[in-house]
Amino acid sequence: MDSRTQTFEEQRWRLFGLAYRLLGSASEAEDMVQETYLRWSRAAEAVEEPAAWLTKVVTNLCLTHLTSARARRESYVGPWLPEPVLTSGGPLGPLETVEQRESVSLGVLVLLERLSPAERAVFVLREAFGHSHAEIAGVLGIEEAHSRQLHRRARAHVGEARKRFDSDAEQHRRIVRGFLAAAVEGDVATLERLLAEDAVASADGGGTVPAVRRPVRGRVQVARYLRGLHNRPEMAAVTFEFAEINGEPAALAWWRGGGGLFGIITAELTGGRVTAVRTLVNPGKLAYVAAQLGTSAPGMIEL
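If you count by the working numbering, then the sequence shown holds residues -14 to 288, one letter each, in order.
Since the hints were made in silico from the structure, they are not lab data.
Don't take each hint at face value.
Only pairs whose alpha carbons sit at most 20 Å apart, straight line, appear in this in silico EDC-like list of lysine to aspartate or glutamate [to be verified]:
1. K41 / E129
2. K41 / E128
3. K41 / E59
4. K41 / E15
5. K41 / E(-6)
6. K41 / D16
With these hints in hand, go ahead and build the complete structure from the sequences.
Now the structure itself:
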């Protein structure tokens, strides 16, 4: 490996993490990182600050791509959810702080859809990667004051709806594990006990797999919805495992007999209660995690 390629490879996980947070899609993030590599390999001039150069290129590629991606999502069949990623030992690198784990959670990625592309870029660069507004201004080609304004606007749009991980990480994990186990078993009593009164359940089938096309709202309604999923005939042909997805425990449903990944269930926790349940069954959204687990099996945990 030559020194130029080695320099890029040292930055790859960071570039992927940035692109993923900007796009909410692992497969699209990989495409942006690959295009960044091609531009890096063709760059004739000597780059004095490779990390800054690569950050600028991948960010602006993502902004261009995000404009068309958002247009596609407006015509998406049913709720659009981000593409999940296996995070324990995965391509996003170490998620050592609360802020790092929060920034890749499905809940936060959904909230980032509220932002304009420029707001999202400033928010991610500032909140997830700790860049100064001077650095962000250089990446985006704007004034530093404009970066500050975009950041204030982004924080206001995300606002109080922004989910925070509970300070007690083990308690957070224990509650989520218990909820997912109850969902797998169809334990309505436990589901109702752990669900918040205003809980919301959504499912992403992408129009290719049957899934509820409108969010289910309310504690009792969400519990009944999950019980209904448990009672579906195909569940007899499914087995469950548990993994760390986007920094949090998730239930992975597999077709028995090596038939492949059927779906992923995640739960968002706020104040000790589950406020959001997200189910992904769109095969296109499951391919990345399936590939991760097909080559190796990092991140598997026991509930």
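Evaluated hints:
1. K41 / E129: 15 Å, holds
2. K41 / E128: Within the cut-off at roughly 15 Å; holds.
3. K41 / E59: The given pair, whose Cα atoms are some 27 Å apart, is violated under the 20 Å limit.
4. K41 / E15: 16 Å, holds
5. K41 / E(-6): 16 Å, holds
6. K41 / D16: 16 Å, holds
Taken one by one, the earlier hints fail for this structure only at number 3.
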